[in-house]
Amino acid sequence: MKKIVIVSDSIKKNNRENTVGKHIKSNLEELFENRAAYQIVYIDEIKPNDRIEGDLFLVMSSARGKLIKDHVDDPTKIIVVRRTFLREGIEPLYNIPHNEDVLIVNDDAETIFESVLALYQIGIRHINLVPFEWDKNYHHIRYAISPSESDFIPEYIENVIDIGNRVIDISTILFMMSHLDLQDRKAQNNFFQYHQKLLSLDGNLEDHYNQLLVRTDELDCVLNLSHDGILLTDQSGKILVSNKVFKQIFDISIAVEGLYLNTLIPSVDFSIYESAHTADDLINFRNKIIKMEKSEITHYNKNVKVYYNFQEVTYIKKLEQNLTQKLRQKGQIAKYSFDDIITQSPSIFSIIEKSKKIAQSDLTVLITGESGTGKEVLAQALHNASKRYNQPFIAINAAAIPENLLESELFGYVSGSFTGASKDGKKGIFERANNGTIFLDEIGDMPKHLQSKLLRVLQEKQVSPIGADHIIDVDVRVIAATHKDLVESVNQGHFRRDLFYRLNVFPLELPPLRERKADIQILLKHFTDGKYELDTCCKTLLDAYDWPGNIREISNVAHYITTLDEGTLITPESLPSYIRHHSSATESKDLQCNDYKVISTQFDVETVQAVLSAIHFLNTIQKSSGRKHLLEYLVLEEVPLQENKLRKILSVLADLGYIEIKKGRSGNYITSEGLCYLESIRVLLKK
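Take 415 as the starting number for the sequence shown in my numbering and just add one per residue.
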């Protein structure tokens, strides 16, 4: 939400509350309602080092603007507010006799002068406005007027007229609407209603608004910041106001103000909309499809002006302003960007940097890598970094769709082209993805006869639906992916050589997870939302595992942990058994040659396993694991042991770093290395 800061002089003025800021705020709320935030700042409360945050800063004079320019991030956001009067407050002034002296009263000399100037600008010139001075006598004056400051009017004045507080003028409102991007129908309706209440600073009554639209810089800014073509005509079709987008849409290079719409664009018959108060239609102009909205502007129940809004459609029958919503409903949006790729791997960083450059091209990309390495995520990131980011992204898996349906999915079909076909026909993904990106996953599994048709689409940028006697031009970028070695497939005759070279313009190869070990732990933390920590043994097991399913597999492991593990520390027991067994079996080769030999030459390995298991269990239930408790537990486990032998086993395990012997009654504690050894020895004993 945009923030508007209203800058006022001080909270108190002439020993009374300064209400200017509140009146301005009330004005803005009437126009913009709750679509902006408002703050009143008083100049005399601003300290030398204060910074004022906001999107627009409204000041009542340029002098006030200079006072705050060093306190805002961008002085161009400062606007000097032009103020005028409401029509209902000024109308009584026309009843005052001509050439009558009229005292004008406000709370200080500066605001009195501003009020006099504003009244003259809106055409109050049949009376003589006399600025009020506190030390003078005005018994000869019969009339006094004031903008809601009647308390200052001398009591002896017979006729007092309160003309109401000054309000923001049209030119300032137009500039604010442009800067705050409030161009919707609701804002326009509020604006027109507000305009009807005002007397303009630049002319008399009804004609002033159109004069202002033609000549003010503020309006030029509003119109030309719009992405739509805007046109204002009178009832006869004479053009009063236009913007540069209107000229671009209709290929116009000359000034159009004063010309007639039907003469300027004779190929479009605007006369068919003359009888309608509003209209919403699609029009054709030089191979363009343009959405047109018409609305008549009413003053005093009389239609006096016609407002047009034009939007060029980006591709056939799809309007740009509804495109994102429609694509999201159909699942044709790329969700991922390069920022969503989680990595600490130099090889992945290199691919990302290369891909950012590739994204700026429209040429085809071939992504290779094992299943689960993130090929579609990379394809979506490429699309979102390209100039096609707000167009469709459609993914299709060539291996997942039966061969007899794949052709119709890719290229579509016309009505009655085969048995079971829809009577209305069907658009293929190349037609649906026009102006966007198609991701062809598992391209290596595409049937040979469809490879030929795909090659033609890539070469000619045209598709021919099944059963059609015509071709359709398409503008689509293709990103293909496969886990297969396409070079080998080409050599074996399974994949067309010419199609391979057409696809392989920008090759990107994603390494498997086992070759980017640095990413294993951060990916697991990412998929578990950072709720868990990994103990040392668990890290060892994760790094030792090969991860044949790559990122997809590590995501599955994360789901396993978050579903079954109630703690916050991931230990070997938190992992699926196949990872523990695989990793432990890999490490057990070294154990057989090193620690396993040390232990097995002195003790029975199963007894050592029982001792380690007992320590681990007692540590887990937070019970002392001294020799006494260990001997009692081992008896229950049917592993009777003499205290002297237990002491020797504990000494060897401590020397190997598998346990830590605490002094006193604390007992023994298994280390992360001991947990890894325990898991490994379990696997070894199962063989």
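Keep in mind that the hints are not guaranteed to be accurate.
[What the hints assert, rightly or not] Derived DSS-like pairs (lysine-lysine); straight-line CA-CA distance at most 27 Å: (1) Lys840 x Lys862; (2) Lys770 x Lys705; (3) Lys436 x Lys426; (4) Lys862 x Lys875; (5) Lys436 x Lys483; (6) Lys1076 x Lys1062; (7) Lys550 x Lys652; (8) Lys768 x Lys658; (9) Lys931 x Lys875; (10) Lys550 x Lys480; (11) Lys768 x Lys719; (12) Lys1077 x Lys1037; (13) Lys1076 x Lys1059; (14) Lys480 x Lys439; (15) Lys439 x Lys461; (16) Lys898 x Lys768; (17) Lys439 x Lys483; (18) Lys483 x Lys426; (19) Lys719 x Lys749; (20) Lys708 x Lys771; (21) Lys770 x Lys611; (22) Lys945 x Lys898; (23) Lys483 x Lys417; (24) Lys801 x Lys708; (25) Lys426 x Lys439; (26) Lys898 x Lys770; (27) Lys841 x Lys770; (28) Lys875 x Lys702; (29) Lys480 x Lys416; (30) Lys480 x Lys461; (31) Lys416 x Lys439; (32) Lys898 x Lys953; (33) Lys491 x Lys436; (34) Lys436 x Lys416; (35) Lys661 x Lys611; (36) Lys611 x Lys550; (37) Lys841 x Lys801; (38) Lys705 x Lys768; (39) Lys931 x Lys945.
For the record, the hints were derived by calculation from the structure and aren't laboratory data.
Here is what the structure says about each hint:
1. A hinted pair counts as satisfied when its Cα atoms are at most 27 Å apart, and Lys840 with Lys862 qualifies at roughly 23 Å.
2. A hinted pair counts as satisfied when its Cα atoms are at most 27 Å apart, and Lys770 with Lys705 does not qualify at roughly 34 Å.
3. At roughly 13 Å between alpha-carbon atoms, Lys436 and Lys426 fall within 27 Å of each other, so this suggested pair holds.
4. With a C-alpha separation of about 20 Å, the suggested pair Lys862 and Lys875 falls inside the 27 Å cut-off, and the hint holds.
5. Among the hinted pairs, Lys436 with Lys483 is consistent with the structure: their alpha-carbon atoms are about 22 Å apart, no more than 27 Å.
6. Proposed proximity of Lys1076 and Lys1062 is supported: the alpha carbons are some 16 Å apart, at most 27 Å.
7. Under the criterion of a C-alpha separation no larger than 27 Å, the hint pairing Lys550 with Lys652 is inconsistent with the structure, at around 54 Å.
8. With a CA separation close to 38 Å, the supplied pair Lys768 and Lys658 exceeds the 27 Å bound.
9. For the proposed pair Lys931 and Lys875, the alpha carbon gap of about 42 Å is over 27 Å, so the pair is violated.
10. At roughly 34 Å between alpha-carbon atoms, Lys550 and Lys480 are farther apart than 27 Å, so this suggested pair is violated.
11. The suggested pairing of Lys768 with Lys719 is violated, with an alpha-carbon distance near 55 Å, which exceeds 27 Å.
12. For the hint pairing Lys1077 with Lys1037, the CA-to-CA distance comes to about 15 Å; that is within 27 Å, so the pair holds.
13. Distance restraint check for Lys1076 and Lys1059: the Cα-Cα separation of roughly 19 Å lies within the 27 Å cut-off, and the hinted pair is therefore satisfied.
14. About 22 Å separates the Cα atoms of Lys480 and Lys439, which keeps this hinted pair within 27 Å; it holds.
15. In summary, the hint linking Lys439 to Lys461 is supported, as the alpha carbons are separated by about 23 Å, within the 27 Å threshold.
16. In summary, the hint linking Lys898 to Lys768 is supported, as the alpha carbons are separated by about 22 Å, within the 27 Å threshold.
17. For the hint pairing Lys439 with Lys483, the CA-to-CA distance comes to about 21 Å; that is within 27 Å, so the pair holds.
18. The straight-line distance between the Cα atoms of Lys483 and Lys426 is roughly 23 Å, inside the 27 Å bound, and the hint therefore holds.
19. Restraint check: the Cα-Cα separation between Lys719 and Lys749 comes to about 45 Å, which exceeds 27 Å; the hinted pair is violated.
20. Straight-line distance between C-alpha atoms of Lys708 and Lys771 comes to about 43 Å, which puts the hinted pair past the 27 Å bound.
21. As the CA atoms of Lys770 and Lys611 are separated by approximately 54 Å, the hinted pair breaks the 27 Å bound.
22. Proximity of Lys945 to Lys898 is assessed by CA-CA distance (about 36 Å); at most 27 Å being required, the pair is judged violated.
23. As the CA atoms of Lys483 and Lys417 are separated by approximately 17 Å, the hinted pair is consistent with the 27 Å bound.
24. A C-alpha spacing of about 31 Å is found between Lys801 and Lys708, which places the hinted pair above 27 Å, so the restraint is violated.
25. Under the criterion of a C-alpha separation no larger than 27 Å, the hint pairing Lys426 with Lys439 is consistent with the structure, at around 17 Å.
26. For the given pair, Lys898 sits about 25 Å from Lys770 by alpha-carbon distance, which is consistent with the 27 Å threshold.
27. Using a Cα cut-off of 27 Å, the hinted pair Lys841 and Lys770 is violated, with the two alpha carbons roughly 31 Å apart.
28. Restraint check: the Cα-Cα separation between Lys875 and Lys702 comes to about 20 Å, which is no more than 27 Å; the hinted pair holds.
29. With a CA separation close to 23 Å, the supplied pair Lys480 and Lys416 stays within the 27 Å bound.
30. Distance hint between Lys480 and Lys461 is fulfilled; the C-alpha atoms sit about 15 Å from each other, no more than 27 Å.
31. Straight-line distance between C-alpha atoms of Lys416 and Lys439 comes to about 14 Å, which keeps the hinted pair within the 27 Å bound.
32. Among the hinted pairs, Lys898 with Lys953 is inconsistent with the structure: their alpha-carbon atoms are about 31 Å apart, more than 27 Å.
33. Distance restraint check for Lys491 and Lys436: the Cα-Cα separation of roughly 20 Å lies within the 27 Å cut-off, and the hinted pair is therefore satisfied.
34. Distance restraint check for Lys436 and Lys416: the Cα-Cα separation of roughly 18 Å lies within the 27 Å cut-off, and the hinted pair is therefore satisfied.
35. As the CA atoms of Lys661 and Lys611 are separated by approximately 32 Å, the hinted pair breaks the 27 Å bound.
36. A C-alpha spacing of about 35 Å is found between Lys611 and Lys550, which places the hinted pair above 27 Å, so the restraint is violated.
37. A threshold of 27 Å between alpha carbons decides the hint, and for Lys841 with Lys801 the separation of about 24 Å falls inside it, so the pair holds.
38. Proposed proximity of Lys705 and Lys768 is contradicted: the alpha carbons are some 39 Å apart, above 27 Å.
39. For the given pair, Lys931 sits about 21 Å from Lys945 by alpha-carbon distance, which is consistent with the 27 Å threshold.
Of the hints listed earlier, those the structure fails to meet are numbers 2, 7, 8, 9, 10, 11, 19, 20, 21, 22, 24, 27, 32, 35, 36, 38, in rising order.
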